[in-house]
Amino acid sequence: MTPIMIKRLVSVVACAFLLLSVTSCVHLKEYQKSRLNDSEMALGNRKVEKNELNFESYREAASGANAGKTGGGCGCN
Amino acid sequence: MRKVYLSVIGFSLLCRLNSHAQTKQDTGLYIKPAASLYTPVSTPDTAGYNPRALRIDEIDFVTSYYGQTGDHSAVTGGIGTEQVTDIANSLTLNLVWQNKPQKKNTLAVGLGFDYHSAASQAFVSKTGASSPTGTRIYPSLDWTVENTKTGNAFGLGAYYSGEYNYQSLGADLHFSQKTADKNGEFSAKLQGYFDQVKLIYPSELIPNTTTSDNGTVVTSASGTVLSGDGHGHRAAIPSSPRTTLSASFSYSQMINSRLQIMFLGDLVTQHGYLSLPFHRVYFTNGKDTVEHLPSSRFKLPLGFRLNYFLGDNIILRTYYRYYQDNWGIKSNTIGIEVPYKVTPFFSISPFYRFYDQSAAKYFAPYETHSPTDEYYTSNYEYSKFNANFFGVGFRIAPPKGVFGWQGLHEMEIRYGHYTQTTDLVSDVVSLSLGFK
Numbered sequence: 085m086t087p088i089m090i091k092r093l094v095s096v097v098a099c100a101f102l103l104l105s106v107t108s109c110v111h112l113k114e115y116q117k118s119r120l121n122d123s124e125m126a127l128g129n130r131k132v133e134k135n136e137l138n139f140e141s142y143r144e145a146a147s148g149a150n151a152g153k154t155g156g157g158c159g160c161n
Numbered sequence: 002m003r004k005v006y007l008s009v010i011g012f013s014l015l016c017r018l019n020s021h022a023q024t025k026q027d028t029g030l031y032i033k034p035a036a037s038l039y040t041p042v043s044t045p046d047t048a049g050y051n052p053r054a055l056r057i058d059e060i061d062f063v064t065s066y067y068g069q070t071g072d073h074s075a076v077t078g079g080i081g082t083e084q085v086t087d088i089a090n091s092l093t094l095n096l097v098w099q100n101k102p103q104k105k106n107t108l109a110v111g112l113g114f115d116y117h118s119a120a121s122q123a124f125v126s127k128t129g130a131s132s133p134t135g136t137r138i139y140p141s142l143d144w145t146v147e148n149t150k151t152g153n154a155f156g157l158g159a160y161y162s163g164e165y166n167y168q169s170l171g172a173d174l175h176f177s178q179k180t181a182d183k184n185g186e187f188s189a190k191l192q193g194y195f196d197q198v199k200l201i202y203p204s205e206l207i208p209n210t211t212t213s214d215n216g217t218v219v220t221s222a223s224g225t226v227l228s229g230d231g232h233g234h235r236a237a238i239p240s241s242p243r244t245t246l247s248a249s250f251s252y253s254q255m256i257n258s259r260l261q262i263m264f265l266g267d268l269v270t271q272h273g274y275l276s277l278p279f280h281r282v283y284f285t286n287g288k289d290t291v292e293h294l295p296s297s298r299f300k301l302p303l304g305f306r307l308n309y310f311l312g313d314n315i316i317l318r319t320y321y322r323y324y325q326d327n328w329g330i331k332s333n334t335i336g337i338e339v340p341y342k343v344t345p346f347f348s349i350s351p352f353y354r355f356y357d358q359s360a361a362k363y364f365a366p367y368e369t370h371s372p373t374d375e376y377y378t379s380n381y382e383y384s385k386f387n388a389n390f391f392g393v394g395f396r397i398a399p400p401k402g403v404f405g406w407q408g409l410h411e412m413e414i415r416y417g418h419y420t421q422t423t424d425l426v427s428d429v430v431s432l433s434l435g436f437k
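First to last, the sequence lines map onto chains V and L. Its first residue numbered 85, the first sequence is counted upward by one per residue in our numbering. Its first residue numbered 2, the second sequence is counted upward by one per residue in our numbering.
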């Protein structure tokens with residue numbers, strides 16, 4: 085098996101597992117969401133992280149996919 | 002990539018295991034009576050509707066101190082001090098009102114102010130005589146209308162950032178839609194940033210003489226223009242545009258009562274002047290010039306979040322991002338944070354973030370670029386490196402208010418230590434206060 089074939093096979097298996105996990109979702113009623121509604125469980129950045137995200141985007145070439153700004157900002161040193 | 006695949010497979014297994022923990026139907030102790038004297042009373046749907054006047058829902062204040070040291074400043078061609086301090090402050094006022102049934106409006110009015118000191122900034126002038134300090138101001142406005150019944154929302158935003166050498170004007174349009182069972186949500190955001198980069202060159206690289214429509218002018222390092230009358234005038238330094246357009250998408254899903262995930266993806270395109278004019282590059286022959294990068298860039302970041310409530314006190318917050326762009330940079334970011342709830346209102350959150358990236362095609366260190374190169378930069382932001390960021394955060398949100406002050410409903414303090422393999426080291430400490 086060539087490395088490319090192995091890579092493709094792993095991709096297919098990974099996608100299959102991902103699909104299986106999504107289809108295994110349970111329908112939750114509002115009273116079952118108490119843990120999910122905890123502020124620590126929020127699927128986003130904390131308010132206190134705001135300026136950390138700024139410095140990371142200036143010191144690193146990669147940015148985005150974090151629900152933040154994708155442009156603008158400063159002409160920093 | 003193998004690590005990524007293994008992570009996905011591991012996550013999938015975790016989802017399968019947890020889903021089985023939730024398959025039992027609610028049984029309860031309620032037994033339906035065989036007969037009842039109760040007669041349901043019908044009430045009109047609009048009985049509960051009262052238009053709600055504009056009110057302040059929340060005020061958020063965030064302040065940070067950032068300190069950095071390093072030895073690869075782009076201003077001096079990839080060598081020299083990178084010492085930076087930055088004090089950033091932002092205040093956001095969230096106003097809400099309801100003018101129609103099920104239509105909740107939120108207006109977020111923000112204002113930010115930063116003050117920074119950068120040692121390398123002084124060396125925009127060859128002699129180190131330029132000002133090493135600067136300020137930035139950034140107001141923002143965001144209006145969102147939400148259907149309180151369906152949870153769907155639509156909104157518009159505007160943003161401005163201004164500092165001496167860089168102006169940015171931005172706008173966005175965003176909407177979100179929940180699934181029928183409200184366990185999933187899709188959201189999209191279209192953003193546009195229209196920036197102006199002021200062409201402040203290193204002092205020795207400023208064109209000495211410029212011929213304009215009004216005659217010949219001589220430009221000095223400070224931006225003062227000496228015209229034909231022999232007097233110096235503080236003239237506007239020319240700017241060059243930079244445009245960023247992006248489309249951001251996300252989908253979040255509750256998997257079970259303890260686990261939720263989110264997929265994130267952005268498509269970002271940039272056009273215009275993407276270099277910075279005061280960044281020097283030294284060629285192999287010892288001569289220096291200004292950084293020169295392509296005038297377009299396409300970025301593709303793809304992210305994934307997974308949060309899991311472990312037991313009664315511990316939460317796992319994880320994040321992974323893969324990034325690729327057409328300048329040759331590939332990057333992986335992995336983050337994990339483990340909030341421990343000491344009480345329901347007080348938590349301690351240690352965190353760790355690992356980042357790595359490959360170098361851009363156009364990067365080379367000091368005095369290694371060839372004069373024949375088409376594009377060149379010695380900015381270590383585009384070099385190959387990895388970075389570690391770790392620290393701890395504290396969050397307190399008691400029902401009677403922080404320090405017994407009812408108005409201050411939440412306080413967060415967070416400290417982080419950041420190191421890059423380029424020898425850049427920084428520390429950041431932040432405080433967030435939420436007022437109701």
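FYI, nobody ran anything at the bench for these hints, they're computed from the structure. Treat the hints loosely; a few may be bogus.
Claimed, not checked - Computed list of lysine to aspartate or glutamate pairs in DMTMM-like fashion (alpha-carbon distance at most 25 Å, straight line):
#1 L:K401 to V:D122
#2 V:K131 to L:E375
#3 L:K101 to L:E164
#4 L:K385 to V:E144
#5 V:K131 to L:E205
#6 L:K190 to V:E144
#7 V:K131 to L:D313
#8 L:K179 to V:E144
#9 L:K104 to L:E164
#10 V:K131 to L:D143
#11 V:K117 to L:D182
#12 V:K134 to L:E59
#13 L:K288 to L:E375
Verification of the supplied hints:
Under the criterion of a C-alpha separation no larger than 25 Å, the hint pairing L:K401 with V:D122 is consistent with the structure, at around 18 Å. Restraint check for V:K131 and L:E375: the C-alpha separation of about 42 Å exceeds 25 Å, so the hint is violated. Restraint check for L:K101 and L:E164: the C-alpha separation of about 41 Å exceeds 25 Å, so the hint is violated. Restraint check for L:K385 and V:E144: the C-alpha separation of about 10 Å stays at or below 25 Å, so the hint holds.
For the hint linking V:K131 to L:E205, the alpha-carbon distance of about 43 Å lies beyond 25 Å, and the restraint is violated. Taken as a hint, the L:K190 and V:E144 pair is honoured in the structure, with Cα atoms around 23 Å apart against an allowance of 25 Å. This hinted pair checks out: V:K131 and L:D313 have alpha carbons roughly 24 Å apart, not beyond 25 Å. At most 25 Å may separate the alpha-carbon atoms for a hinted pair to count; L:K179 and V:E144 exceed this at roughly 34 Å.
Straight-line distance between C-alpha atoms of L:K104 and L:E164 comes to about 38 Å, which puts the hinted pair past the 25 Å bound. Under the criterion of a C-alpha separation no larger than 25 Å, the hint pairing V:K131 with L:D143 is consistent with the structure, at around 16 Å. Of the pairs offered as hints, the one joining V:K117 and L:D182 holds, with about 12 Å between alpha carbons and a cut-off of 25 Å not exceeded. With a CA separation close to 17 Å, the supplied pair V:K134 and L:E59 stays within the 25 Å bound.
A C-alpha spacing of about 16 Å is found between L:K288 and L:E375, which places the hinted pair at or below 25 Å, so the restraint holds.
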